[in-house]
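Novice: Input sequences plus hints: build the corresponding full structure.
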Amino acid sequence: MAPNAGGVKTSSDAAEQDALPVPPSPVLARVAAIAKHASSILLTFIGLTAITFIIGRVMPADPVLAIVGDRASQDVYDAVRLQLGLDKPLIQQYLIYLSNIAQGDFGTSIMTTRPVLDDIIRFFPATLELATIATIFGVLLGIPMGVLAAVNQGRLIDHIIRIIGLFGYSVPIFWLGLVALLVFYAGLGWLPGPGRIEVYYDGIVETRSGIILLDSALQGEWEIFRNALAHLVLPAAMLATFALAYIARMTRSFMLDQLNQEYILTARVKGLSEGAVIWKHAFRNVLVQLITIIGLTYASLLEGSVLTETIFAWPGIGQYITTSLFNADMNAVIGGTVVVGFCFVGINVLSDILYRIVDPRAHD
Amino acid sequence: MNIKMTIKRAALATAFAAASALPMAGPAHAGTPKDMLIMAKNIDDLITLDPAEVFEFTGGEIIANVYDRVMMFEAEDLSKLVGGVAESYRISDDGKTIVFKVRAGQTFHSGNAVTAHDMAFSLRRVVKLKKTPSFILTQFGWNKDNVDGLIKPLDGMHVSVTMAADFSPGLLLNALSAGIGSVVDMKEVQKHEKDGDLGYGWLKNHSAGSGPYSLQTWKANEIIALKAHSGYRHGAPAMKRVVLRHVPESSAQRLMVEKGDADMARDLTPDQIKGLAGNSDITVGDYPKAALIYMATNNAHPILGKAKVREAIRYVVDYKGMANSFLAGQYKIHQAFWPSGLWGSLEETPFKLDLAKAKALLAEAGHSGGFKIVIDTLKKSPYPEIAQSVQQSLSKIGVESQIILSEGKTLWPKYRARKHQLIVAQWSPDYVDPHSNADAFAHNPDNRMEAKLTGKLAWRTSWSDPAINAMTEGAAKELDLVKREKLYMELQRKVQMEGPFTVMFQKSEQVASRQNVKNFISGANFDLVFYRTITK
Chain A
1 MAPNAGGVKT
11 SSDAAEQDAL
21 PVPPSPVLAR
31 VAAIAKHASS
41 ILLTFIGLTA
51 ITFIIGRVMP
61 ADPVLAIVGD
71 RASQDVYDAV
81 RLQLGLDKPL
91 IQQYLIYLSN
101 IAQGDFGTSI
111 MTTRPVLDDI
121 IRFFPATLEL
131 ATIATIFGVL
141 LGIPMGVLAA
151 VNQGRLIDHI
161 IRIIGLFGYS
171 VPIFWLGLVA
181 LLVFYAGLGW
191 LPGPGRIEVY
201 YDGIVETRSG
211 IILLDSALQG
221 EWEIFRNALA
231 HLVLPAAMLA
241 TFALAYIARM
251 TRSFMLDQLN
261 QEYILTARVK
271 GLSEGAVIWK
281 HAFRNVLVQL
291 ITIIGLTYAS
301 LLEGSVLTET
311 IFAWPGIGQY
321 ITTSLFNADM
331 NAVIGGTVVV
341 GFCFVGINVL
351 SDILYRIVDP
361 RAHD
Chain B
1001 MNIKMTIKRA
1011 ALATAFAAAS
1021 ALPMAGPAHA
1031 GTPKDMLIMA
1041 KNIDDLITLD
1051 PAEVFEFTGG
1061 EIIANVYDRV
1071 MMFEAEDLSK
1081 LVGGVAESYR
1091 ISDDGKTIVF
1101 KVRAGQTFHS
1111 GNAVTAHDMA
1121 FSLRRVVKLK
1131 KTPSFILTQF
1141 GWNKDNVDGL
1151 IKPLDGMHVS
1161 VTMAADFSPG
1171 LLLNALSAGI
1181 GSVVDMKEVQ
1191 KHEKDGDLGY
1201 GWLKNHSAGS
1211 GPYSLQTWKA
1221 NEIIALKAHS
1231 GYRHGAPAMK
1241 RVVLRHVPES
1251 SAQRLMVEKG
1261 DADMARDLTP
1271 DQIKGLAGNS
1281 DITVGDYPKA
1291 ALIYMATNNA
1301 HPILGKAKVR
1311 EAIRYVVDYK
1321 GMANSFLAGQ
1331 YKIHQAFWPS
1341 GLWGSLEETP
1351 FKLDLAKAKA
1361 LLAEAGHSGG
1371 FKIVIDTLKK
1381 SPYPEIAQSV
1391 QQSLSKIGVE
1401 SQIILSEGKT
1411 LWPKYRARKH
1421 QLIVAQWSPD
1431 YVDPHSNADA
1441 FAHNPDNRME
1451 AKLTGKLAWR
1461 TSWSDPAINA
1471 MTEGAAKELD
1481 LVKREKLYME
1491 LQRKVQMEGP
1501 FTVMFQKSEQ
1511 VASRQNVKNF
1521 ISGANFDLVF
1531 YRTITK
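Protein sequence lines, in the order shown, are assigned to chains A and B.
Take the working numbering: the final residue in the first sequence is number 364, and no numbers are missing along the way.
Take the working numbering: the final residue in the second sequence is number 1536, and no numbers are missing along the way.
Heads up, some of the hints might be wrong.
[Stated by the list, open to error] In silico BS3-like pairs for lysine-lysine, Cα to Cα no more than 27 angstroms straight-line: (1) B:Lys1101 / B:Lys1080; (2) B:Lys1080 / B:Lys1096; (3) B:Lys1096 / B:Lys1144; (4) A:Lys88 / B:Lys1483; (5) B:Lys1452 / A:Lys88; (6) B:Lys1096 / A:Lys88; (7) B:Lys1357 / B:Lys1130; (8) B:Lys1359 / B:Lys1396; (9) B:Lys1419 / A:Lys88; (10) B:Lys1414 / B:Lys1372; (11) B:Lys1194 / B:Lys1219; (12) B:Lys1396 / B:Lys1357; (13) B:Lys1359 / A:Lys88; (14) B:Lys1130 / B:Lys1477; (15) B:Lys1219 / B:Lys1308.
Rather than coming from a laboratory, the hints here were simulated on the basis of the structure.
Specialist: Here is the structure:
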């Protein structure tokens, strides 16, 4: 459902571009680069909507039946089909859809009866909240673990970290989620159960950003803040396990690459401390690659983890897109997919910028 | 490194991480508040709350608690049709016109009084909006052009309803107990009307009724919250708020009810119900429902269209085996098209697994060598299991079958286009009158493809029998209740023996509640669920 990461330009591509000989006018070149970037983003979006739209239309699920139900008589069915414009040629339907999107109208969702854009504004912050916290944990734990493993290659600590990585990467999240609920919610009672917040608190905090932590903190509702934070721990831990595993694994392998380079040997011969060798020399070089990895991890979490959201009754974008898909609610599916695509592109742009900051070669 | 150790290590790591988060959990609530009911339920089928359109399980349940209907089956006696918004009625001598008297003293949630104008507006609205369930009313001969003349308020408290088609007034009364019989607050709805939509856009996610509860919030995929109507005619409900929390995963539902964070779990599997057996905090209620699981053969299929083959298929179902194993507790055997426990139901179960007989019937039809067919069914349990059981039995009489599992949205178009061979599907009545199912299972007055009577199961299976059509029409018209019941018995027997359907099972809903939750009442039909009687 989510766009393939193949559509995302990696930082190393960007590196090649930037390494080209400096063109005569830097201003002109910058404008050209931005234009090129913008047009590639635009093309990505048109491609994304086109593919999703076509898949939606050729799918055997019938969007009319999704509205009228299985028992509708033929005239009710025909009336809705006409109303949806499904009698028009596919290409015309698509162009109408595109022009609506251009005006900010993603259509109405069958399932929620509300404009798709409103739905996304409601569901996306829930996923954003979860994915951001999971990624932060993934980075804060994953990178040190990866470095530690690489530095101690072949020793016990390396094995342990690799096993944790393997576990986080391969254990079914569905199983892990249920076990976590069983242990920490039902068994020990340390943490609250499914949902974003206790129902008693529902509707007390005014929705501004849609991120409950932020909204409740801004409005000084600390009891709700604590409750929301407690609800977040388990689902975020599930996603963080995955993020951590991936980041630790990649950090380890990148670091091993660097640690075997000659400049590391030189640095050591120069008598630099081991900490300086690892963090100032080797890690500095790994950071560039890591930014791409972290960006991709974050983006993939932002598309919503359907299983985690299902187990923890988390009203996020992943559950929204999946339920919509099962209900042949194509406006919602396309709208959701475009948002996910937007995240990928946005994060890609962001990692490019970060990359320029981190990599001295990219400085003007 | 064995897996156990890996898991242990990870569990420890997670435990450690979670332990550091301990102080965040805040004060634990001991159960749910006394006057609030929290239900864990999968509500992703909900797509509208406009009573002129609702035809889904969750939607039907909500509007049953938000709106009072013209006629009702009340919680106090589910078997008896009584006046709801209408206090009484008088049927004209020709049986064509019913004059309803609106019950005095009823108020909508808005505070407006319920009048004859509201009732007439609501029924006309269903006909004019022409949403899916509108056929329940339009079958009486009403359309957008004539309905204003045929359904009209006589004064503030009386409404005259005249049928333009030949039907028993008893059938009309039953039909007015369905969701489309809900009376909406005309003034409130008209306030929100946009471009002549009769308030449809607004009522999809708001409420304007006179029932025991009003809709407070509906956040799709998250929550439905209802607020008690203090001016309800049966008195204010004990539960001041009822909250349905969307919990799609049934294991999570189970944990929540065990923990006391939910008062009720609505979608537990038989295994999970069994697992709750020893828990004294939980009681499990059984509620027989009107939903049926049946098999249908396509009569246009060169082999399945033969009467003997159809008959053979009825003997390859292991009714008992399934009912006692994976269906235990949730389905029981039922073999006629009108569900057990309702007026007019036929309780006979003439079929059982008999492979020798099935084989002999196939030989009589000239197919002793067997043949190949495709079985279509739904992806969700228990349909795949049922299809597999049938597949196994079929293989024993030489019929090779392939099972195709689909989502409903993919399966129904195929069925409605008559492209299936053998389908395992479900059906539940649209309103509590045997005609609801007779019209679907037995009535097909025009079998041509272009007739597109897609709402009727008989048409979908390309099956039309003039004698059975006439019987269906006759039963719907019959004024004498005793005779009418007898006609439905005969009709069911005939369809049972000759039709393309093998009705197999009837649903029983199992609801797990905290032991302090009492008097939850769930009637046979999907839209007969009562929250107002619940106490804690």
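Novice: Take the hints in turn and mark each one as holding or not.
Specialist: Quick rundown of the hints versus the structure:
| no. | hint | result |
| --- | --- | --- |
| 1 | B:Lys1101 / B:Lys1080 | 19 angstroms, holds |
| 2 | B:Lys1080 / B:Lys1096 | 22 angstroms, holds |
| 3 | B:Lys1096 / B:Lys1144 | 19 angstroms, holds |
| 4 | A:Lys88 / B:Lys1483 | 52 angstroms, violated |
| 5 | B:Lys1452 / A:Lys88 | 21 angstroms, holds |
| 6 | B:Lys1096 / A:Lys88 | 44 angstroms, violated |
| 7 | B:Lys1357 / B:Lys1130 | 48 angstroms, violated |
| 8 | B:Lys1359 / B:Lys1396 | 9 angstroms, holds |
| 9 | B:Lys1419 / A:Lys88 | 25 angstroms, holds |
| 10 | B:Lys1414 / B:Lys1372 | 19 angstroms, holds |
| 11 | B:Lys1194 / B:Lys1219 | 23 angstroms, holds |
| 12 | B:Lys1396 / B:Lys1357 | 12 angstroms, holds |
| 13 | B:Lys1359 / A:Lys88 | 51 angstroms, violated |
| 14 | B:Lys1130 / B:Lys1477 | 24 angstroms, holds |
| 15 | B:Lys1219 / B:Lys1308 | 52 angstroms, violated |
Against the hints set out earlier in the document, violations occur for numbers 4, 6, 7, 13, 15.
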